[in-house]
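Undergrad: So the sequences go chain by chain: A and B.
Residue numbering for the first sequence follows the numbering used here, starting at 38 and increasing by one per position.
Residue numbering for the second sequence follows the numbering used here, starting at 38 and increasing by one per position.
The hints are simulated quantities; they were obtained by calculation from the structure and are not laboratory data.
Treat the hints with caution; some may be incorrect.
Each computed BS3-like pair below joins lysine-lysine, with the alpha-carbon atoms no more than 25 Å apart [as the list claims (entries may be wrong)]:
{"no.": "1", "chain 1": "B", "residue 1": "K198", "chain 2": "A", "residue 2": "K248"}
{"no.": "2", "chain 1": "A", "residue 1": "K198", "chain 2": "B", "residue 2": "K215"}
{"no.": "3", "chain 1": "B", "residue 1": "K248", "chain 2": "A", "residue 2": "K198"}
{"no.": "4", "chain 1": "A", "residue 1": "K248", "chain 2": "A", "residue 2": "K215"}
{"no.": "5", "chain 1": "A", "residue 1": "K215", "chain 2": "B", "residue 2": "K198"}
{"no.": "6", "chain 1": "B", "residue 1": "K60", "chain 2": "B", "residue 2": "K99"}
{"no.": "7", "chain 1": "A", "residue 1": "K99", "chain 2": "A", "residue 2": "K60"}
{"no.": "8", "chain 1": "B", "residue 1": "K198", "chain 2": "B", "residue 2": "K248"}
Model, not experiment: these values are computed from the prediction.
2 protein chains.
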Amino acid sequence: MIEPVQEHLSEDELEALEGPSEKLTNSVRDLIDAVIRTETDVDVLDEARRQIESVTGRLREKELPGSFGVRFGFPGKLRAWGNTVVGLRNAIAPPLDIVWNDDGSVVGHATLGAAYEGPAGYMHGGVTALLLDQALGEAAHAAGRPGMTATLNLTYRRPAKLGPVRVEAAAVPGEGHKTIVRGRLITLTDGEEVCVEAEGLFILPRAVREKAEEMNLETPHR
Amino acid sequence: MIEPVQEHLSEDELEALEGPSEKLTNSVRDLIDAVIRTETDVDVLDEARRQIESVTGRLREKELPGSFGVRFGFPGKLRAWGNTVVGLRNAIAPPLDIVWNDDGSVVGHATLGAAYEGPAGYMHGGVTALLLDQALGEAAHAAGRPGMTATLNLTYRRPAKLGPVRVEAAAVPGEGHKTIVRGRLITLTDGEEVCVEAEGLFILPRAVREKAEEMNLETPHR
Chain A
38 MIEPVQEHLS EDELEALEGP SEKLTNSVRD LIDAVIRTET DVDVLDEARR
88 QIESVTGRLR EKELPGSFGV RFGFPGKLRA WGNTVVGLRN AIAPPLDIVW
138 NDDGSVVGHA TLGAAYEGPA GYMHGGVTAL LLDQALGEAA HAAGRPGMTA
188 TLNLTYRRPA KLGPVRVEAA AVPGEGHKTI VRGRLITLTD GEEVCVEAEG
238 LFILPRAVRE KAEEMNLETP HR
Chain B
38 MIEPVQEHLS EDELEALEGP SEKLTNSVRD LIDAVIRTET DVDVLDEARR
88 QIESVTGRLR EKELPGSFGV RFGFPGKLRA WGNTVVGLRN AIAPPLDIVW
138 NDDGSVVGHA TLGAAYEGPA GYMHGGVTAL LLDQALGEAA HAAGRPGMTA
188 TLNLTYRRPA KLGPVRVEAA AVPGEGHKTI VRGRLITLTD GEEVCVEAEG
238 LFILPRAVRE KAEEMNLETP HR
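Bound-form chain A, shown alone (with noise of 0.2 Å):
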């Protein structure tokens, strides 16, 4: 595994930074959006093709030598501002909205546009599986017993709509670093279908349970 990297801004260069953060990353969401549905004219794609590669090179005067990673810093929290489906910086990610419930669920509300796609006007199923994935981690977190998937079985009673969904998850009871959670995706354009159902067994490896540990992790910050 590799460690933890220790946060170094301050919780108020951590704040400032977090407005402009979002709404960059809102911009590429809607670049994405837009880049798949555009029908305009071969000269307009090079054209946006140059300012988009003018401005990337731009944001990389200055950058990471490799991915965002997960940092630790203040007291009980976490920043994953590059993770797939909820980091703040990363604009593949819908984002998935998740709140952990005082019960140890999480439900998780997100909007599902045409970057999501597999059959036609549906959510790819794979997309349904990371959004699952993603929300038995932290249910499985939020019970206090945080880990890495180990098995994911998912079940898809019904294709799911694109559009707003919701995705709820909850650890089965129990004790020690293998956890049992279960979940289900729900898609709400037309009322409330019940489109996918996961269970997932998560476990903490050692190395990352004693560490975890020393830093007295509770609750996520992205």
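Assemble the complex: chain A is given as a structure, and chain B must be docked to it using the hints.
TA: Then chain B, alone, in the frame of chain A:
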């Protein structure tokens, strides 16, 4: 189910559109990575956002009313440029470059960078599920028995390092509209490491089955 859309471009028009589309999508992939990894100042982030919004506005001057869908046209070909895993116009797609082998199995390659991170330095467990779902689905199709995901069972053998990856899948021999497919995801960073194994059941809904026969679908065209 949404009806398949009849292709409206000629083969020449489509060919002229492919190169610029692929380059534009690649530029957005690079931008997604840069947004995650940039350490530039807030004013650079703001300026980048304004430029991106301008590009998006231009692309949206002429666009599809909804998602891209799946288009049928030239005999035996299918175009899914919006697909989350393989779509030519979808910057979320790594893309996974899948080849159909003569024996009905498929093999896909991709390189996953910072945008596909879950645990620090590793692929998000849900991302590996996303790639496997697509590969297994294509293997069902390659075996002549296409379908939608009914169940997908994933076993995570070890964390998958970010970097180059291979995905393999093949249908279990059989007949009818229910197809079992097995596959695995192998990272290539430090030699070959089998990280995730998958088994899926794919079922073709009757309506799609009839439509596909009518259209004589054989191979996909992205």
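Undergrad: Check whether the Cα positions of B/K198 and B/K248 lie no farther apart than 25 Å.
TA: violated (41 Å)
Undergrad: Could you grab the alpha-carbon distance between A/K248 and A/K215 and see if it respects the 25 Å cut-off?
TA: holds (17 Å)
Undergrad: What's the verdict on A/K99 and A/K60, does the C-alpha distance respect the 25 Å limit or exceed it?
TA: Holds: A/K99 and A/K60 sit about 19 Å apart, inside 25 Å.
Undergrad: Does A/K198 pair with B/K215 here, judged by a C-alpha cut-off of 25 Å?
TA: holds (22 Å)
Undergrad: Against the 25 Å threshold, does the CA-CA distance of B/K198 and A/K248 hold or violate the hint?
TA: Since the Cα atoms of B/K198 and A/K248 sit roughly 20 Å apart, the hinted pair holds (cutoff 25 Å).
Undergrad: Taking only the CA atoms, is the gap from B/K248 to A/K198 under or equal to 25 Å?
TA: The given pair, whose Cα atoms are some 20 Å apart, holds under the 25 Å limit.
Undergrad: Verify the proposed pairing of A/K215 with B/K198, using a straight-line Cα cut of 25 Å.
TA: holds (22 Å)
Undergrad: Can the restraint linking B/K60 and B/K99 be considered satisfied, given a maximum Cα separation of 25 Å?
TA: Distance of about 19 Å is within 25 Å: holds.
Hint compliance for this structure: hint 8 alone is broken.
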